[in-house]
Every structure is written in C-alpha cells, then in structure tokens.
Amino acid sequence: MAEDPRRPTSWLLGRASLGLLLAVASILVLVISPLLGSVAIPARDVFQILLHELSGGALFAQPCAGTPTSPRLCGAYTVIVWQLLLPEIVLALIVGAALGVSGGALQGIFRNPLADPFLLGISSGGTIGAAVLYVYRIEVAEADVYLPLFAFLGSVATGLVILGIARGRFSSVETLLLAGVALANLLSAILSVILLYNPNGSVQVTFWLLGGLGLATWTVDGIAFGAVVVLGSLLVLNGRELNLIQLGSEVAQSAGVDSRRVRLRVILLASMTTAVAVAFTGIIGFVGLVSPHIVRRLAGSDYRVVLPGAALVGAVFLLGARDISFLAFPGSDLPIGIFTAFAGVPFFLYLLYRQRRAVTMGGA
Amino acid sequence: MKGGTAGPCLRLQSVSVHYGERVAVNDLSLSVDPGEFVALTGPNGSGKTTVLRAVLGFHDPAQGSIELFGRPTADLSARERALKVAWVPQTESPRDNVRLYDYVLYGRFPFHGPLDAETQEDHAVVRRVLKEVGLADRSEDGVLSLSGGERQRAILARALAQSTPLLLLDEPTTHLDIGHQLDLLDRVRSLSRTRRVAVVAALHDLNLAARFADRIVVLSHGRRVADGTPSGVLSEELLARVWGVVADLELDRRTGLPYLVPRELSVDRPRSPTSPFVGPVHVVGGGGAATPILRALADEGYRLTAGVLHLLDSDQETAASLALPTALESPFAPIGPKARSQNRLLLEAARAIVVAPFAVGPSNLANLEDVRPFVPRVPTFLFRTPPIQERDFCDGRGEVAWRDLVAAGATEVDGFDGMSEGLGRLFSSPPATPPAARVAPAS
Amino acid sequence: MSLSRDGSPPVPPRRTVSVVLFVVVVLVAAGCAVAVTAAYYALRPSSGPANASEKTITVTDDLGRKVTVPLDPSRLAVLSPSIMDIVYRLGLRSHVVGVDCYAAALGGLTEDYSPDQIALWNLSPSMCVQIGPSFDPETLVNVTPDLVLASTIVSVAAVEEITNTLGIPVVMLQPPTLSGILVDVSLVAAIFGVPVAAQALNGELSEELYNATEVDQSVASFPTVLVTYSVDSNGYWTFGPSTFGESLTEIAGGTSISANATTPYPELSPAQVLVANPDWIVYGVGFGLNESTYAGGPLWSDFSAVKDGNLSGIDSNWLTEPDPTMILEGIPALLEVLHPGTS
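Protein chains in written order, with the numbering used here: chain A, 1 to 364; chain B, 1 to 443; chain C, 1 to 343.
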C-alpha cells in the first residue's frame, strides 16, 4: 500500500485495545486447547510431548521423563496429544476460518448483517447429503470417505439452488435471503423424514446435525486446509467488489463491478467453503454470523480486511467454543455446535434488536 | 484523460426502452460532445432518468444502439464502461459508516486488478477530488455523519474519482436546498469546463438547467421535443405544450440567461397520447404528501380521483388544479361519515389505489382504514418512505392499519419508479378498456 | 472366602457378589418354578379345550402391574425380540401372530431382528406391528391379538391405548437383572400352561450361570475389557453400570473399563480407551456392524489390545437383548474370549 493517509490517534487507540484483547484471547485459546480433552493429561506431559513431536524428537527425547507418568501411560498420552488433540485443534482452526470468511462474504453480498451459511440452509444441505447415504444403506465401513463427500455435495447443491434463485429476474436481496431461510426450513423437514424412517443412521446423522470435531485426523486436516486456503483466498480477492456492492448493486455496476457475476461467484465460493467445513464437522452455526461483526467493530467495514479478519476471528472463536465445552463439562465430548449456538444466539438477538432500532431511527 | 476527442462521447441512435408494455424512451437519438454540459429535462415520467440508466447498462434498449466513445455499450465490460462514464445517482445509501476518504477511494475500482494495491496516483486523485468538491477537511469522517448537501458532494467525489471523460447526473439536486443546489451544479459546471468532462444531467428544474447547461434537451413521453441552447429552447409555448404551465419567461439581466416564473396551469393540459382510459387511479393522501404523486400520475396520463382531502389542504389544491373528482371534508375536522361514503364510492370505481406517505393522525386515520376492504381486489400501492412508524401520530393505530393493508396484499413501493412500474404492468395488459364497455349489453 | 495364592493379587470382592448373585438367581428361579406350577395346576381348566379360552389368569408383570389375561391365548402379539426369544424357546411360536417392527409401512422387520432370527422364528412383514417412530394402533388391530407381551420400548401411552381403547391386555416383561430373565420365562409359561418347558429352560439357564460363577472362582484375575456395541467418529459406545452388557462382562470374568461410568450407555472417547488401556476388546457384530466398522473407529489401531490381537466380535443381540440367548450364548462366548477353555 502506498502512503497511507493520516488517521486520528483516537481511531487507532479504540481499535488497538480491542485488537489487543483479541490477540490475548487467541494466545490463551491456543495455549489452553491442548490441555483440554476427554482425558485429563498433566500440562507438563502435554507440552513435553508436543515439543518432542514438533521437534521431530530433538527436544525432550524422553517425554514424561521428569514426571510421575509411567512410560506406558506416556505412550497413550503421546497418541492422544499428537493424533487426537492436535488434529482436532487444527481442524477447529481451519473450519472456524472457513465459516468466518464465508459468513463475511455472504453478509457482504446480501448486504445483510444476518446472512450466514447456516441460516441460508447451506449447512443443512450438507446434513441432508450425509443422511441420504442412509437411505441407500451404504456400507458403514466406507462411511469415513463417503459421508464427508456426500455432505460436501449436499452443501454445494444447496448453494447452487440459492444461486439459481439469485439468477432469477426478480431477485432482490431480501427475497434471496428469505428464499434461503425457507430453503433451510425445507431441508430440515426433509431431514426429519429421513431420520424418522432410518433410525439406524440417526446417530451418525445427528453428528452432522450438532456438529463436532470427531472426524479430525491429519489427513482430514490436510484436505480441509488445502481446500479452505484455495477457496478462502479466492473469496478474499472479492473484497473491493464487496465494498462497492455495499453502496447498492447499481452504484457498484456504474463503478465497474459486474454485480451479477460477482454475486454468482461469491455465493458459489462461499457455499463451497462452507461445504468443506460441513463435510468434516457437520453444522456449526453462528461462527459465520458472529465473526464478521467482531471484525467490523475492530477494523471497520473494508471487506478486504473483514474477510481475512473474519477467518482469523472464526478460527479463534471455534477453538474457544471447543475449549469452553470441555471447561464447562469436563470429561464429556459434547457437540461443539451446541456451544457456538450458546454464544451465537444471544449475539444474534442483539443484532436483530440493533437492526430494528436502526430501521426505525434511520429512514429520514 | 481517456477517450477520443475526435468523436462524440456519447451517441444514442433511435433508442427505445420499454418497461414491460410501457414505452419509457421512444426512438431517441442524441449525441454529446466532449466538454459539453447537457441538461436532460422534461416533466416527471418523460424518460430522463431512463436514458441515463440505459447508458449505464441498467436497462437494455429494445431498439437502437448506444455508443460510448465510438464503442457500442453492449460490447463493454462493466470495468471498461466505468473507465468511460461515471454516475451520480439521486441518492445513495451506504450501509456502513465508511470513512469519506475510503468511500471516495472506492471510485478507483476500475483501475485495479484483484491483487493490485492503491497507487500514489489513486491517493493523489482522491485528495484532489475531495478538495474540488470542498470536502477535504472531512475526509476522516464517516459518510453517515455527513449532511445531505455534503453527502451529495461525496457521491460526486466518488464518481469524479473514476476520472472519466463523461459524467451522468440523475436529478442530483432533488434532496438539496437551493443554496446547495447552486453550489453542487456550479462545481460540476466548472469541472466540466476545466477538465473537458462531458456532463449529462437529468434535471427537472428548468431554471437550474438554463443556468448551468450548454444545451438543453427536452423530453416528453420518451421523445425528444426540443434540443438547443437554453435561450433557443425555452419558450412560453414549449412550457405550455410540454409541462402544461403558463409561465412568464424572463431574462436574467446579469447572466443573460432565461428563467421562468410559473403563473398557473394551462386549461387544456395535454394528456397522454396513449389512452384516455387508463385508470381511474384513486390516490389517498393529505398534507401535501400526495401532490408529487398526483402530478406524476397526471403526467403519465392516468385518470385520477382523490380523497378524503381537507379543504385548503395543499393536496386538495393540487387535486382541484387537476380538476380531479375528490372526496372532501371541512378544514381540520375529523373525516365524517359523508366524506367517507363519498370516498368509498371513488374507491369502488378505482382500478388501482395509491396511498401517499401522508402523516396519519386521528382526524384522517379513516383514510387508511377505508382502503382495507378493497385490498386485494383492487391493486393497491403503498409508499413506504418515510416509514409509517415515523408518521403515525395515533399511537400505533396507523401502523396497525398499514400492516393490515400489507397483510391483505397491498404492494409497498419505495418511490415513483416502483409505483410507475407497478401501474405500468397493471395497465399494460390487457389493453385498457373504458369501464363503460364492460357493462354495455352484448349485442 | 477364597484364598489368595502365592503372589497373585487378592480376589476382587466382585467375585463374592457373583456368588451371592448366583444363589439369589437359583432361589428366585426355584421359587418361580414352584409358584408357577402350583398356579398352573390350580387354574388348569377341568373340562376340554373348547372351554379353555374363557379361562383367565391374573399375573403381576415386571412393572408391578396386575393384569388379567386369557389362559393359553391363541393369538399373541410379541412386541420385543427378547420376549420373542422366550416365547420361541417355550415352544409357543404357533401362538404368535404379531411382532414389533420399526416403521412397519416400510417393512421394518430388519430394523428389529437379525436375519438369523427372522429365519429361525419364521417372521414375515405381514406380522408387523408398528411401534416406531410412533405407535400405530391399526397395525396391532390388524393382527387381532388376544394378548400383547411388550417391553418398555413400547411407550407408556401406547400401552394405555392398547389396554383401555383397544381392550387388549398387555403384560410388560422388562427383567431388571439376568435372573429376572428366569422369572419372565416362568411368567410366560404360567400364562400358556407350559410348566415343563419352563422348568427345562430355566434349568439350562441356571446351569450356565452356575458354570460361569465357577469359572470366576477359579481364575487368578479378571482382565480389563472394553465391550463396545457401536462406533462413530467420536468414540466407542459401551455399557455402563447396571446394564445387562456390564453384568454379562462381570459374570464372564471380566472387568469392564466403563463399569464406573456415570451413564448407563456411555460413549468412550478414544483418549479414554487409550488411558484405560483394556486387555481385551469385545465388539458387537450384526445389524451392519462388523470388524472393519470398528477398525474404522478413531485410533483403533493404536489400542494395545488391537495391537496384541486381543479382540473378538460377538453377536450384538447376545450383548443387548435380555433374553435366554444372552445367557445361553452370550456368557459362554465371552468366557471363551476372556478365559479360553473354561466354558
């Protein structure tokens, strides 16, 4: 960026304090995460094992050496930390980032602070995809591969339906949003029917419904990371267009933005990014809703900042939700979607309240 | 500056634009040269705005071609077009309180690829246009904190940041007081002079058009009826023919430019050539809210009725000047049963109902409530700006009545365009037939 | 009670519990047999079979409800696979006209019964009584039963509807413990007047339980074991305290790693399994689950029992259905895994 125009110090200070808060939260969440799991492992062992594995064995050649942990138990701890906790933490970060960036992009393209992949039914579509497998009674042994695949396809298909509506001639932003909400309801009705008549699959489908990090392995992390980095970057590149679209699609068009094409592109990319998240973790609501708002508060409404910022905040938010679920209910592996909802729903109501006030106060 | 100086900036050849069945622009040919300041003028609904929107690609012409600097607009990408022409809309409603500086910087969009950062030149251009529109000292403020006049100059600055050789302005002064109107157009005028930027401005105010434009193009019912210098075009005859007003045309002694002083509406108002039987449309209003609607609909050739209006109310005066059948009540009195039954008769006869954004008080709440039985049988359009909550002065009962109408199937519209489009669709098919024909006995 | 031999760890107190349990089982079984036989002979119709259907008997079911039912009813609806096992083993298959089916309209037989059971018991979708997702009374009326035997998988509301609206008596069979199965055998036998078959079956069941307690006495220690009946990406579903699966593990000489869980059917995370480090893993197969399903579970190959090959699959029905087969097949199968050569 060339010489930046001057900014008043109060502007910087206000945001700096909030930014500092976010940074502290991030570090706290990152440090505390490996200590929380369904089994309590002494912190000293955790960090020795982590450093041992991360350094390829150079540091702490004998982890748990100075602690009362027996070598056998230490072996179990190593597997838990390295193959269970760490992939889970990494997946939480990736999925949080994916949900954050696609939530931000959808809020931008719909010019509505309440847009969110969850509300638009993109996430529910993924659950349908997973549930459809049970209608066809696929061999459960192959579920690890096919469930994420079907969930991905279900989400993308839902995104395409929304796109189809978006291409329609009479599609104002409001009707699109309403259509998405209606679609989400329709999908959950379909899901209920599928579950009702296929009780065997209900446990696995419920996993998608409630959202969880249980599928995390290094392989899953690798696939998710690659997909989210590519799709997320493509989304972030639309920041300038989204900035202009906030002024109205005609103004954007007059300033050189091909509004229609950008709309199609962003909805498609956001659907796919969400689909990756849904494929591996099921429905995790409200991360996509909340994260962009936090960034707007911190760093203003420039979408070139909001999108990557929402990815960052989403990652920390989701990992934080995981930590809180373990802190609140130690030892139990409760679905993470429940905790994001606990944090997200009050925030959502607050937004509704604020928007209502804005509507009645603005206008003139 | 980009764009050839050899040919015209903008050329329209036999362009027609349709809204459904309604012809908004009819076989219009027009050419604008570099550095020219052209005012497009004409009564409401004459097609001024539509011409600009067609150039910007918001409407595809049904016939004819539009060329920007020798290239057909259909061949241009949004980005290429944005490098040739910039737009100043009537209003713009930013959602976020973006810094003015950043907002103006948005105008530099067509100069950047997705990975490019802003250049020194971008910042230089932004600082220059902010100075030119007189907002340099407010560059750090959020756009939502600007006043109406400043907001309009901010929009101008954003459009200017596109550094295009052609600038389109759509009624840029509608929301401004007279001082800010003069200020804004003066700035545009001098920019056009100093930087040879061609300007096409849709202006309904003839005095402003005459004062700032090099050339005035008068449209009526989508056709060009006059084109030339202000002194050459403006005549008392034209005003009577196109606007239906009797006016005195005088010369400003200082500028030598003509200005008009309207006297009264001419008796033989021209009606739409299309059909004398479009309507009747019943307009519910009061307190002046219905005046612009009545005038616009009358311009478009609709047969109108109105009510219940209070005597001496400004809407009532408008209705009287247009000689409309009107349900009347004595000044300041609550609407009584007699006026209401009169009003219901008019509503009964209406083929469409338009509810103006009038202030709802205890004395005229009945106006809103009496519409209810006719919805959805009679298509009803509600103006929703400003929102009902802000003009409901009877403890929410107005809002309740409003919600009832919406729930029953009335259409909420944001402004004239929404109403015109809705009515246009309504009356375009099947072809309007006089109500009398329907009750005539079959032979 | 028993001695701790040189160096071996002291016998867990659990073994004492097993013995006490066994004695109770035998006493209860014997008591039931006597009571049922007495009741049967007291109530047995004196005249010919034409009169038989008019006779009734009042029984107290497992929920403590007193139900008056026709003696030796000819049309019986059995709304639980475990009760069907008792009915079949007592030679009463010919009385059965209806069985439970999940989503009967979709031919839901396969949701409730394994292919072996469907073949052995000669079940057909035409016998379907829909108990889920919601109870469908029409499907019950359709098979015109005189008596319904049901477990608590049928909702209280459905039971009330059958009893009060349809006027068909319902006997609820929900054994609280392994020995409760013997009580249920006696109860069913009393209704149908087959005391001899009941005595023979209860004899076999007692024999198996006795054999298992003898093994428990003889072995040096109980291996730790994970008994899982289902798996998903979060972990392994298993039996907690006071469940049949847990009782079965204990009587077969094993210590369940989930014996101290806080819920009856907990899901253990792979981390919890790793730390508990069970000597053995026993998994339920059938209903679409097989070894490869479990092998796809999280960190499966990192468990030392898996590495050492100390794992075995047994029929899910034997672990989950509280019926005679659980005792006759499930206990020997588990004994064979945990203490080979003793069953």
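The set of hints was computed from the structure by calculation and includes no laboratory data.
Values in this document were obtained by computation on a predicted structure and should not be read as measured data.
Hints are not guaranteed to be accurate.
Residues of chain C clear of chain A, computed beta-carbon distances all greater than 12 angstroms [stated by the list, open to error]:
1. 66
2. 90
3. 111
4. 134
5. 214
6. 274
7. 309
8. 339
The following label-pair restraints were derived from C-beta to C-beta distances [as the list claims (entries may be wrong)]:
9. B:64 <-> A:23: 29 to 39 angstroms
10. A:229 <-> B:408: 48 to 58 angstroms
11. A:334 <-> B:19: 31 to 41 angstroms
12. A:206 <-> C:64: 30 to 40 angstroms
13. B:127 <-> A:297: 25 to 35 angstroms
14. A:72 <-> C:176: 31 to 41 angstroms
15. A:192 <-> B:75: 43 to 53 angstroms
16. C:264 <-> A:72: 42 to 52 angstroms
Examples of chain C residues toward chain A, derived with CB under 7 angstroms [what the hints assert, rightly or not]:
17. 133
18. 234
19. 271
20. 301
21. 302
Every residue, glycine too, gets a C-beta built ideally from N, C-alpha and C.
Comparing the hints with the structure gives:
no., hint, verdict
1, 66, "holds (33 angstroms)"
2, 90, "holds (30 angstroms)"
3, 111, "violated (6 angstroms)"
4, 134, "violated (9 angstroms)"
5, 214, "holds (33 angstroms)"
6, 274, "violated (4 angstroms)"
7, 309, "holds (18 angstroms)"
8, 339, "holds (24 angstroms)"
9, B:64 <-> A:23: 29 to 39 angstroms, "violated (60 angstroms)"
10, A:229 <-> B:408: 48 to 58 angstroms, "holds (52 angstroms)"
11, A:334 <-> B:19: 31 to 41 angstroms, "violated (57 angstroms)"
12, A:206 <-> C:64: 30 to 40 angstroms, "holds (34 angstroms)"
13, B:127 <-> A:297: 25 to 35 angstroms, "holds (28 angstroms)"
14, A:72 <-> C:176: 31 to 41 angstroms, "holds (39 angstroms)"
15, A:192 <-> B:75: 43 to 53 angstroms, "holds (52 angstroms)"
16, C:264 <-> A:72: 42 to 52 angstroms, "violated (30 angstroms)"
17, 133, "holds (5 angstroms)"
18, 234, "holds (4 angstroms)"
19, 271, "holds (4 angstroms)"
20, 301, "violated (10 angstroms)"
21, 302, "holds (5 angstroms)"
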